[in-house]
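Number of protein chains: 2
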Amino acid sequence: MFTLPQKESRKPTTCPGSVSTRGLHSIYGDGLEREAARKPDQKLLYGVGDPTAMFSSDSPHLSSRGSIIKWFWDSAEEGYRTYHMDEYDEDRNPGGIINLGTSENKLCFDLLSRRRPRSCVDVGDSAGPHCEGILREEVASFLSFYCKSPAPLKPENVVVLNGCASLFSALATVLCEVGEAFLIPAPYYGAITQHVYLYGNVRLVCVYLDSEVTGLETHPFQLTVDKLEMALQGAISEGVKVKGLILINPQNPLGDIYSPGELREYLEFAKRHALHVMVDEVYMLSVFEESVGYRSVLSLEGLPDPQKTHVMWATSKDFGMSGLRFGTLYTENQDVATAVASLCRYHGLSGFVQYQMAQLLRDRDWINQVYLPENHARLKAAHTYVSEELRALGVPFLSHGAGFFIWVDLRKFLPEATFEEERLLWRRFLENKVLLSFGKAFECKEPGWFRLVFSDKAHRLRLGMQRIRQVLEGKSQVAEDPPSCQTQEPRGPHR
Amino acid sequence: MFTLPQKESRKPTTCPGSVSTRGLHSIYGDGLEREAARKPDQKLLYGVGDPTAMFSSDSPHLSSRGSIIKWFWDSAEEGYRTYHMDEYDEDRNPGGIINLGTSENKLCFDLLSRRRPRSCVDVGDSAGPHCEGILREEVASFLSFYCKSPAPLKPENVVVLNGCASLFSALATVLCEVGEAFLIPAPYYGAITQHVYLYGNVRLVCVYLDSEVTGLETHPFQLTVDKLEMALQGAISEGVKVKGLILINPQNPLGDIYSPGELREYLEFAKRHALHVMVDEVYMLSVFEESVGYRSVLSLEGLPDPQKTHVMWATSKDFGMSGLRFGTLYTENQDVATAVASLCRYHGLSGFVQYQMAQLLRDRDWINQVYLPENHARLKAAHTYVSEELRALGVPFLSHGAGFFIWVDLRKFLPEATFEEERLLWRRFLENKVLLSFGKAFECKEPGWFRLVFSDKAHRLRLGMQRIRQVLEGKSQVAEDPPSCQTQEPRGPHR
Chain A
0 MFTLPQKESR
10 KPTTCPGSVS
20 TRGLHSIYGD
30 GLEREAARKP
40 DQKLLYGVGD
50 PTAMFSSDSP
60 HLSSRGSIIK
70 WFWDSAEEGY
80 RTYHMDEYDE
90 DRNPGGIINL
100 GTSENKLCFD
110 LLSRRRPRSC
120 VDVGDSAGPH
130 CEGILREEVA
140 SFLSFYCKSP
150 APLKPENVVV
160 LNGCASLFSA
170 LATVLCEVGE
180 AFLIPAPYYG
190 AITQHVYLYG
200 NVRLVCVYLD
210 SEVTGLETHP
220 FQLTVDKLEM
230 ALQGAISEGV
240 KVKGLILINP
250 QNPLGDIYSP
260 GELREYLEFA
270 KRHALHVMVD
280 EVYMLSVFEE
290 SVGYRSVLSL
300 EGLPDPQKTH
310 VMWATSKDFG
320 MSGLRFGTLY
330 TENQDVATAV
340 ASLCRYHGLS
350 GFVQYQMAQL
360 LRDRDWINQV
370 YLPENHARLK
380 AAHTYVSEEL
390 RALGVPFLSH
400 GAGFFIWVDL
410 RKFLPEATFE
420 EERLLWRRFL
430 ENKVLLSFGK
440 AFECKEPGWF
450 RLVFSDKAHR
460 LRLGMQRIRQ
470 VLEGKSQVAE
480 DPPSCQTQEP
490 RGPHR
Chain B
0 MFTLPQKESR
10 KPTTCPGSVS
20 TRGLHSIYGD
30 GLEREAARKP
40 DQKLLYGVGD
50 PTAMFSSDSP
60 HLSSRGSIIK
70 WFWDSAEEGY
80 RTYHMDEYDE
90 DRNPGGIINL
100 GTSENKLCFD
110 LLSRRRPRSC
120 VDVGDSAGPH
130 CEGILREEVA
140 SFLSFYCKSP
150 APLKPENVVV
160 LNGCASLFSA
170 LATVLCEVGE
180 AFLIPAPYYG
190 AITQHVYLYG
200 NVRLVCVYLD
210 SEVTGLETHP
220 FQLTVDKLEM
230 ALQGAISEGV
240 KVKGLILINP
250 QNPLGDIYSP
260 GELREYLEFA
270 KRHALHVMVD
280 EVYMLSVFEE
290 SVGYRSVLSL
300 EGLPDPQKTH
310 VMWATSKDFG
320 MSGLRFGTLY
330 TENQDVATAV
340 ASLCRYHGLS
350 GFVQYQMAQL
360 LRDRDWINQV
370 YLPENHARLK
380 AAHTYVSEEL
390 RALGVPFLSH
400 GAGFFIWVDL
410 RKFLPEATFE
420 EERLLWRRFL
430 ENKVLLSFGK
440 AFECKEPGWF
450 RLVFSDKAHR
460 LRLGMQRIRQ
470 VLEGKSQVAE
480 DPPSCQTQEP
490 RGPHR
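Just so you know, the protein sequences line up as chains A and B, in that order.
Here numbering that gives the first Met the number 0 is used: the first residue of the first sequence is 0, the next is one more, and so on.
Here numbering that gives the first Met the number 0 is used: the first residue of the second sequence is 0, the next is one more, and so on.
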C-alpha cells in the first residue's frame, strides 16, 4: 500500500461553480491561468470563467464556440507539437524527444501488423499528422487538377474529415452561435438541415425557388441575387442572424449548374453582406455532359472573399463510395481550417482509409483514362434511357447533364396540390415496389415534384420505370384511387 | 427550355419565422404536419414550432435534443426501412423494392471494386445496416466473452461509432440539455472534458480524489460513495443539474481497478439519484496482472439500473489501434442506443473498417493464444523495468497492474506546490527530450503528479528514463534551476 504523509484538506468541490450559461468549468484551469496572466484585470474565480469573453476576439471569422474549439486544440497541443517537430528515432534522430506521454501500446505492433491492413504510418496508428500530411498534399493536387484552379491549391488549406455531413456540422458550429442561420436555395438536399442543426443548433433560411419562368433568359427554379436579397432581408426582419450561404453545385436535387457569372454574382452578394459561403461540390466529377460547362468555384480567378469561401468535396458520389466516409474542405481561412480540423476527434477517419484515399487520388491515369470516361458514358446512357421513358409517359422533368437524378414534375398526378397528396403518391410508388424521393424532403414549395435517381443498372432501371408507369397509369396492384389527371399532356418541353 | 403554365406567387420567405430559442425551422414541415394532426390543439405557424414541446415526452431517458435527434432519424427512415425489409434482388427477390431514391452511383462498381479494399457489402458502400448488423453481432459476442457477461449480450444493444470520443460526445448530447453536467472522479482522462463540451455543451463536476490515506482499508485516490454524494450535493447547491456519472475502469491516469463491490456501490448511488452511468472500459483487455481481478461492469449479475448503464469499449488501447477509429457502446436502453446510433452520419466509420474489425474480433484463437498472452507479458516486463527505475530514483508512484501508465508522484521535486511549478518541471522534461503528461491535464488537485507511459520498446524506455533521471537529478543540459529537494527520500512504499 502506498501511503503519503502529506495531509491536505479534502474538498469534493464541483468544478463548474456558478457559471454563465456559456460558462466552462475547471478544466480551463491551466488555460485560465495563462489567460489571467494576459489579462490581469479580468476577474476569475477558481476554475470558473466566461470563455466567450476570453475568446470572442480570437478570430473575426469564428463564433465564440469556434474560438473555444480552436483554443482547446491549440493549448492542448503544445507538448505534441514540440514532439512532432523533433520525434525520437533510433537511427535518424537519437537526440529527439521520447514520448512517454501518449497512452499508446507500442509493444505489440509486430503482432498486430499482420492483422492490420496497410496504413501509411509505419509505427502505431494514432491519428497523427504524418498520414494526414501526405493525404492533404494529394487532395490539394487532386483538386488543383480537377477544379482547374488558376494556381496550385495549398495542402495547408485542406481539411479531411469523415464525409460532408461532418464538414457541415463542424462548419456550422465554428462559424455560428446557437440559433444563427445559413441561407440555402430550396429545393436542396434535405439532410443538410440535420447536419447544421443536430449538433450545431444552426438553422436554415430557405431561398425558395419555383418552377415559374419569368423571362426569355430564365429557367425554372433559377437562383437570382434578388431572391437571395429578399430571403436575407426577410430573415433579418424576423430577427434571425444570418452568417452564411450554402450553395450546392451541381445542385441537388435540381441537377442545376451555376455558370461562372452566376457563381460570381452569388459570391459578390455574400461579400456585400459579410456572409460565409459554403460551396458543396460533391457531384463535381459527375457532370456527364461536357457541353454544360461546369466550373468549380475554385477555378475562378480572384474570388470576391476568399477568407469566407469554403469548398467541400467528397468521394461519396464521384467515386461511389458513400460508405467510405471521406470528405474534404478547402479554405484559405486558417482559423476556420484549424477549428474544423480540431473536431477530427469526432469526425476522424481511419488511418488506412487515409492511406487508400491517397492512393486513389494520385492515380490520375486510371481516373482520367478509365474511370471518368466510362462512368460518364454509363451515366449518360442511363440518363438517356430514363429521359425517354419519362417523355413516353408524358411526364415533364428537369435535368441538366449532371448528377445522378432527374427532377420530375408529377404535379398533374396529384388530385390536389398538397404535400399530403404528394406523400400519398410516394407511398403508392413504394407499395408498387419502387422507392423515390418526394419534393417535400428537399423543402420544395410546390407539391408534386419527385427526385428520380437513374444511376443504376439497366435491368433495375427498366423494372423501376415499369413500376412507376403502372402507378401513374393507375394500373398498379395497390393504387386504390388512381389520380384523375393521369392522361393529361405534359405542360412543357423537357430539358 | 422547360416552361410551366402554372403561376404561383413567389415568396422568398425565411423558413424559421419567429422561433423560440430552441426552435427549429421549416424542414420540420412534414413532421410538423403529422405532429399537428396528432395534436390538433397545438398552435403551429407555418414551418415554425417548438420541438422541445413536441418531443420532451418521447423518452424519459433522452434530453429534448436527444429526442429531436431520434425523431429526425425515425421519421426520415420510413422509406428506407421499408426498402431494407424488401430489397429488390434479380434472383432472390425480383418482386422486391427498386431503390431510385438513394443518390448513389451503382454504374461503376465493377471498375471501382478492384481499386477498393474488401468490404463486407457486395454492392455499394453506403453506410447501410448490412455491414453494421454483422459487426454488431461480432461485438456482442466479443464483449460477452471478454466481459464474462452472465448471459449473452445482445447485438441490438450495441452501437458502433468511430471511437470513444464520439461516443462521449453523442451520449452527452442525447442525455443532457445544454449546460447540464456529468460527475467524474478526478484525476481523469482530461480529453473527456472536450468530448462532452465542444458539441454537447455538457460540463463535468469533479469528484476530487487525493493521495491522502485515511484508514487501514483505504488507498490513495480512493473513490467512495461519500465523495460522490458530496460532489453531487455541491453541484446541486450551485444550481447545476447533474444527469450522469462517468466511471473509467481501469482508471486513467490512476491505473485503479474498481472491485465488483465498489462498482455496485457506485451504481447504487447513481440509481438513488436517477443518474446515468457511463462506464469507459477502454483498457479492459490491458490488465496485465491477473491477480488484480478486474471485472467489467457487464459481468455483474443484476445491474442496479440497466436502463441507465452505458458501457464503452474501443480498440484504440487494447489493440493498439487508436488511428483506426473504432468504439462501441453497449446499452440496454433502446432510446439511447437509437439516438446515439442516429448520429452515425457524423461519427460513422468506413465500411471496410467495419469489415476488418469484424474479422479481428471473431479471431478468438489468435487473440487468446497469441495476442493477449504476449501483450500482457510485454506490458508486465516494461512495467517492471520502469517501476524499478522509479524505485532506484526514489520516486513514489501508483500502479495497479492495468493500463499503459504509472501515476508518478514528483511533488517533492517542485520548489513550491503550485501548478506553475508542475508545468515548469514538465517543460524541463520536454527540453531534455522526454514528453510526459502533467497532473493538471487530468484535473488532479495536487500539483506534482505525472503520468508516465511505459508501453514502449525497451530502448526507448531506457533512454526516456535516463532523461527523466537527468532532470530529476538536476543534470540535464537545460535545467537552470534544479529543484532543491532532489535528494530527499521517497515518502512511502511503492505499489
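Bear in mind the hints are in silico, worked out from the structure with no lab data behind them.
Be a bit skeptical, because a hint or two may be false.
Claimed, not checked - In silico EDC-like links for lysine to aspartate or glutamate, alpha-carbon gap of 20 Å or less: (1) A:K270 to A:E211; (2) A:K379 to B:D109; (3) A:K456 to B:D88; (4) B:K379 to B:D362.
Unchecked claim - Where chain B lies over chain A, by a calculated footprint (3+ residues, C-beta under 8 Å): (5) 134-142; (6) 161-167; (7) 258-264; (8) 345-358; (9) 445-455.
Model, not experiment: these values are computed from the prediction.
C-beta: ideal position from N, C-alpha, C; glycine also.
| With a Cβ-Cβ cutoff of 8 Å, does the segment 161-167 of chain A contain at least three residues near chain B? | Answer holds; 4 residues pass the 8 Å Cβ test.
| said: Hint check: K456 of chain A vs D88 of chain B, CA-CA at most 20 Å. Holds or violated? | reply: holds, 12 Å
| query | Would the pair K270 of chain A and E211 of chain A pass a check requiring their Cα atoms to be no farther apart than 20 Å? | reply | violated, 28 Å
| 8 Å C-beta criterion, at least three residues: is the segment 258-264 of chain A covered by chain B | As far as the segment 258-264 of chain A goes, the hint is violated, because 0 residues have Cβ atoms under 8 Å from chain B.
| How about the segment 445-455 of chain A: do at least three of its residues have a C-beta closer than 8 Å to a C-beta of chain B? | holds (count 7)
| query | Given as covered by chain B, does the segment 345-358 of chain A meet the bar of three residues or more with CB within less than 8 Å? | reply | holds (count 9)
| query | How does the coverage statement for the segment 134-142 of chain A fare against chain B, requiring three or more residues with Cβ below 8 Å from a Cβ of that chain? | reply | violated (count 0)
| query | Is it true that the CA of K379 of chain B sits at most 20 Å from the CA of D362 of chain B? | reply | Violated. K379 of chain B to D362 of chain B sits at ~24 Å, over the 20 Å cutoff.
| Does K379 of chain A pair with D109 of chain B here, judged by a C-alpha cut-off of 20 Å? | Holds, because 17 Å separates the two Cα atoms, which is no more than 20 Å.
The structure fails hints 1, 4, 5, 7 (numbered hints given earlier, in ascending order).
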